[in-house]
Amino acid sequence: MANAKPIPIPLMKRWHCFRCGLLPPVSFGFCVALTLWLWHCQAEMPETPGEVVRLDVAAAADGVLVAPPRGPWAVSDVVGKGEMIAQLDDRPTRDAIRAVRLEINQLKEELGDAEEVETPDPTGGPPEERRDAARLAWELERRRLDALDHWVCIENDRVQARFHQRRIDYLKPLVKTSNIPANDLDEQMVLRDQVIRRIRENRKALENARTEVNATQARLAAIGSRHAEVFRRFAPLHARIAAQESTLDAAARRIAALEIRAPIGGIINQVYCWPGQHVHAGDAIVAIAAGSDGRVVAHAPRQPTVPSTPGRAMAARLDAPRRSGELPFGGWLPLSTMPEDSTNNPHELIDATLWRWENKGKG
Amino acid sequence: MSNWMTLLFEGDFATATGGPETVCFIILLAFVIGHFVGWIYMWTHKGLSYSQAFVASLVVIPVIVAIMMILMAGSIIVAFGLLAVFAVVRFRNVLKDTRDTTFILWAIMEGLGVGTMRYSTSIVGALGVAAVLLYLRVTAFGSRHRYDAVLSLRLTGDLGHGVASLKKILRQHSIRTHLANERRLSDEGLDLSWRLLLRDPARSDELQWALRQTEGVENISLFLREDESEI
Chain E
178 MANAKPIPIP LMKRWHCFRC GLLPPVSFGF CVALTLWLWH CQAEMPETPG
228 EVVRLDVAAA ADGVLVAPPR GPWAVSDVVG KGEMIAQLDD RPTRDAIRAV
278 RLEINQLKEE LGDAEEVETP DPTGGPPEER RDAARLAWEL ERRRLDALDH
328 WVCIENDRVQ ARFHQRRIDY LKPLVKTSNI PANDLDEQMV LRDQVIRRIR
378 ENRKALENAR TEVNATQARL AAIGSRHAEV FRRFAPLHAR IAAQESTLDA
428 AARRIAALEI RAPIGGIINQ VYCWPGQHVH AGDAIVAIAA GSDGRVVAHA
478 PRQPTVPSTP GRAMAARLDA PRRSGELPFG GWLPLSTMPE DSTNNPHELI
528 DATLWRWENK GKG
Chain V
655 MSNWMTLLFE GDFATATGGP ETVCFIILLA FVIGHFVGWI YMWTHKGLSY
705 SQAFVASLVV IPVIVAIMMI LMAGSIIVAF GLLAVFAVVR FRNVLKDTRD
755 TTFILWAIME GLGVGTMRYS TSIVGALGVA AVLLYLRVTA FGSRHRYDAV
805 LSLRLTGDLG HGVASLKKIL RQHSIRTHLA NERRLSDEGL DLSWRLLLRD
855 PARSDELQWA LRQTEGVENI SLFLREDESE I
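Top line first, the protein sequences correspond to chains E and V.
All residue numbers for the first sequence refer to our numbering, where the first residue is 178 and numbers rise by one.
All residue numbers for the second sequence refer to our numbering, where the first residue is 655 and numbers rise by one.
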């Protein structure tokens with residue numbers, strides 16, 4: 178009896194002793210460790226409210242808005258990057274190009290007449306050299322007119338190519354739904370390809386023409402300085418050709434600005450102008466809120482808890498709720514873009530490149 | 655599954671100052687600190703008015719208040735509304751127990767969360783508080799003297815030998831013993847009262863039989879009980 182061993186403790190009793198005795202400190206220790214880890218995560222990636230980038234898509238030139246092939250955009254429409262938002266009416270551009278073409282024809286006739294006229298020499302110098310200078314000057318203007326002619330064809334064909342492309346974009350969905358025969362679409366595509374081929378050929382020809390202009394200019398410069406009257410004779414023609422070049426240059430730039438495309442993909446947030454309205458260069462057409470591959474702008478407050486170390490990772494919280502698969506949750510802010518000493522604003526605007534939630538932290 | 659997880663953790667439609675991991679961190683930190691506060695209260699309490707329910711409330715209330723602060727999010731209007739709700743509830747209900755107050759607080763917090771469109775925070779908060787309460791239940795947090803039997807007996811004759819034999823028997827049958835009461839009788843021996851944490855309460859008869867066989871041990875009374883009751 179005196180040396181009897183302690184009786185065994187049943188399992189339920191052991192469990193009772195464990196959960197009342199050991200479990201609380203073990204749980205406490207585990208919770209402390211978990212808390213410290215979460216705290217570390219919070220400090221590593223502090224959060225700041227952010228908002229998706231909203232961009233105003235503006236017209237690059239003056240003109241009247243025309244609806245894109247898909248039709249006018251409305252709020253909440255989803256637009257892809259590079260998709261056409263609107264286009265400007267190309268009739269003024271085509272009219273300008275037509276006017277330049279007419280002027281070129283007129284200039285060609287005047288140049289032809291100018292070739293027959295002999296230029297008198299008040300200084301009485303050698304006539305052969307004077308004739309060479311006159312011929313070179315005439316040759317220069319002729320080559321410039323040739324180059325201008327090719328250029329006009331190119332710009333005209335660019336407008337034509339856009340027209341055919343618009344037709345193709347309009348017909349494609351209709352052909353898919355089998356509302357119209359595919360012949361119309363094929364015809365437009367053939368015409369577009371022909372125009373594109375023509376543009377390519379004219380570009381080559383333009384390059385050659387410009388090379389010849391430069392060569393003629395160089396030759397003229399060598400002997401022309403002694404025959405100022407030659408230059409005076411061709412000066413008006415030279416000026417008019419230059420004016421047409423300038424007009425055509427403006428038309429070419431305008432052609433590039435005829436189509437207004439979305440710089441980012443996302444959702445149409447607001448529509449400022451509608452088809453039929455006249456817009457000036459810089460007028461906003463629509464506002465796009467960045468989509469899933471967009472950017473977030475976040476305000477990183479300057480607080481001791483958020484040290485502004487360049488390259489520090491931060492998570493940008495977006496105010497709006499997101500549906501699954503859309504804008505990711507976290508973001509990384511490259512604080513290297515933040516100005517070091519800005520005393521005016523307590524908050525700095527920082528661009529944040531969004532990362533997918535599952536790829537958070539990866540490059 | 656991922657859609658449900660998204661709905662659960664990112665369903666706050668009002669302005670959120672932090673994400674779900676922030677809410678989890680806050681709940682956990684509040685629980686840890688409340689746990690610490692409860693322990694300190696347990697270790698430092700003297701007197702007769704000790705209440706296990708009160709200690710449990712000390713652990714839960716920081717969690718509920720922390721979630722409430724998240725939900726208020728610095729809005730003075732919501733704070734005044736909360737004050738009004740508290741006043742109405744307290745006016746209509748006399749809350750006898752601290753634990754009842756805790757549950758009332760929890761219910762109010764959930765209503766506040768859902769009403770302010772902080773659905774995810776409300777759900778995460780509900781799960782967190784429920785987990786804390788379950789933890790307190792499982793661990794019987796707050797109970798101090800965990801003994802499950804009271805042994806009273808009278809020791810006569812050779813007291814030294816008697817006490818030594820008694821201790822050996824108790825060591826055989828108990829995990830922990832505590833001499834609660836000792837009364838020396840003039841020429842008649844010693845009245846002892848032990849609190850025991852038995853190794854196997856089902857074999858308490860064996861303990862009683864062993865004590866009866868011990869010379870000098872009389873008036874044996876073994877009273878099985880749970881932890882000390884609330885006052």
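Quick caveat, the hints were computed from the structure, so don't treat them as lab data.
For clarity, every value in this text was computed on a predicted model and none was experimentally measured.
Cβ coordinates follow ideal geometry from the N, Cα and C atoms, glycine included.
Some clues are possibly wrong.
[Said to hold, decoys possible] Residues on chain V that point at chain E, a partial pick, calculated with CB under 7 angstroms:
no., residue
1, 679
2, 682
3, 683
4, 686
5, 689
6, 792
7, 793
8, 794
9, 800
10, 812
11, 826
12, 866
Cross-check of the supplied hints:
1. 679: Holds, because the Cβ-Cβ distance from residue 679 of chain V to chain E comes to roughly 4 angstroms (cut-off 7 angstroms).
2. 682: holds, 5 angstroms
3. 683: This hint holds: residue 683 of chain V lies near chain E, its Cβ roughly 5 angstroms from the closest one there, short of 7 angstroms.
4. 686: holds, 5 angstroms
5. 689: holds, 5 angstroms
6. 792: Since chain E brings a Cβ to about 6 angstroms from residue 792 of chain V, closer than 7 angstroms, the hint holds.
7. 793: At about 5 angstroms, which falls below the 7 angstroms cut-off, the nearest Cβ of chain E leaves the hint on residue 793 of chain V intact, so it holds.
8. 794: holds, 5 angstroms
9. 800: holds, 6 angstroms
10. 812: violated, 15 angstroms
11. 826: holds, 5 angstroms
12. 866: violated, 12 angstroms
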